[in-house]
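Chains as they are written, first to last, in the working numbering: chain A, 4 to 108; chain B, 537 to 691.
Rather than coming from a laboratory, the hints here were simulated on the basis of the structure.
One or more hints might be untrue.
[What the hints assert, rightly or not] Distance windows between CB atoms, simulated:
(1) B:N658 / A:R80: 19 to 29 Å
(2) B:K554 / A:T53: 37 to 47 Å
(3) B:I565 / A:L23: 50 to 60 Å
(4) B:E592 / A:V64: 23 to 33 Å
(5) A:L55 / B:S598: 21 to 31 Å
(6) A:L23 / B:Y568: 51 to 61 Å
(7) A:Q94 / B:F547: 30 to 40 Å
(8) A:V64 / B:D542: 20 to 30 Å
(9) A:P66 / B:D542: 53 to 63 Å
(10) A:T53 / B:D610: 45 to 55 Å
(11) A:T45 / B:S617: 40 to 50 Å
(12) A:Y83 / B:S677: 20 to 30 Å
(13) B:R646 / A:L23: 52 to 62 Å
(14) B:P567 / A:V70: 53 to 63 Å
Being a predicted model, the structure only gives us computed values, none of them experimental.
By construction, the Cβ of each residue, glycine as well, lies at the ideal position given by its N, Cα and C atoms.
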Amino acid sequence: AVQQGALFRHGPAPTTGSALLAQVSVLYFARSAELAGLRCETLTVPRRITALQLWEEIVKVHPRLAVIQDQVIFAVRQEYVLLGDQVLVLQPGDEVAVIPPISGG
Amino acid sequence: MDGSEDVPKDFIKLKSEKLSVDEVSELVISPYCGAVSLFIGTTRNNFEGKNVIRLEYEAYTSMAETEIKKICRDIRQKWPSVKHIAVYHRLGVVPITEASVIIAVSSPHRAESLEAVMYCINTLKASVPIWKKEIYEDEYSWKENKECFWANSEK
Chain A
4 AVQQGALFRH GPAPTTGSAL LAQVSVLYFA RSAELAGLRC ETLTVPRRIT ALQLWEEIVK
64 VHPRLAVIQD QVIFAVRQEY VLLGDQVLVL QPGDEVAVIP PISGG
Chain B
537 MDGSEDVPKD FIKLKSEKLS VDEVSELVIS PYCGAVSLFI GTTRNNFEGK NVIRLEYEAY
597 TSMAETEIKK ICRDIRQKWP SVKHIAVYHR LGVVPITEAS VIIAVSSPHR AESLEAVMYC
657 INTLKASVPI WKKEIYEDEY SWKENKECFW ANSEK
């Protein structure tokens, strides 16, 4: 995750994000919520990022999540994505959910 | 005849209150249908020799509803004569023997609704973001459906 500094300059008002970063909502469920210690947070990450890189950013914030790396996938804008090389193009406000193995029904 | 009776409907609900088989099956009854098929998932009291005290369910609710809608759409493509579909899943604490999920499907003849109900529960277990925690006497366990392709069931 990256801290955003506030810059004061003439010209157009500074926006809260840059063209390169996006503030996304990360949702945690089931075992991942227990390991992370929370259910929801915002993170600022590069807009173009692979799913695996995004996972690595999340593990930097919550190292205890590393133990479930082999069992989780993401849901990005409610579509499942494996933790691999697929490049995500994230928009500000996107929802990214950490999805442990499901057990409905 | 009133043409609105023909409109197929999907009834999808995730809720924490006790599920009612009467209520869910009544949703799909239609004068055009000779069959209503039902699946009820109930909670068992044991797993691998351990006493299960209760189950707890949680869901990524908005996505779960979207995924269940996709299942309904798939059912209608595969079995076009299916009339109404109801999928009710309970969240939170579910005591032993109570229902965690009820699926009801109506169709003019029985083959389609029977097949559609089976498809629905099998696909729900593979794709809908809902999680079950089994609480035992001394511990608990997050369950993993064998249908879930990203679970490592044999490690």
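Results for each hint:
{"no.": "1", "hint": "B:N658 / A:R80: 19 to 29 Å", "verdict": "holds (26 Å)"}
{"no.": "2", "hint": "B:K554 / A:T53: 37 to 47 Å", "verdict": "holds (44 Å)"}
{"no.": "3", "hint": "B:I565 / A:L23: 50 to 60 Å", "verdict": "holds (56 Å)"}
{"no.": "4", "hint": "B:E592 / A:V64: 23 to 33 Å", "verdict": "holds (26 Å)"}
{"no.": "5", "hint": "A:L55 / B:S598: 21 to 31 Å", "verdict": "holds (25 Å)"}
{"no.": "6", "hint": "A:L23 / B:Y568: 51 to 61 Å", "verdict": "holds (57 Å)"}
{"no.": "7", "hint": "A:Q94 / B:F547: 30 to 40 Å", "verdict": "holds (32 Å)"}
{"no.": "8", "hint": "A:V64 / B:D542: 20 to 30 Å", "verdict": "violated (53 Å)"}
{"no.": "9", "hint": "A:P66 / B:D542: 53 to 63 Å", "verdict": "holds (57 Å)"}
{"no.": "10", "hint": "A:T53 / B:D610: 45 to 55 Å", "verdict": "violated (30 Å)"}
{"no.": "11", "hint": "A:T45 / B:S617: 40 to 50 Å", "verdict": "holds (47 Å)"}
{"no.": "12", "hint": "A:Y83 / B:S677: 20 to 30 Å", "verdict": "holds (23 Å)"}
{"no.": "13", "hint": "B:R646 / A:L23: 52 to 62 Å", "verdict": "holds (58 Å)"}
{"no.": "14", "hint": "B:P567 / A:V70: 53 to 63 Å", "verdict": "holds (55 Å)"}
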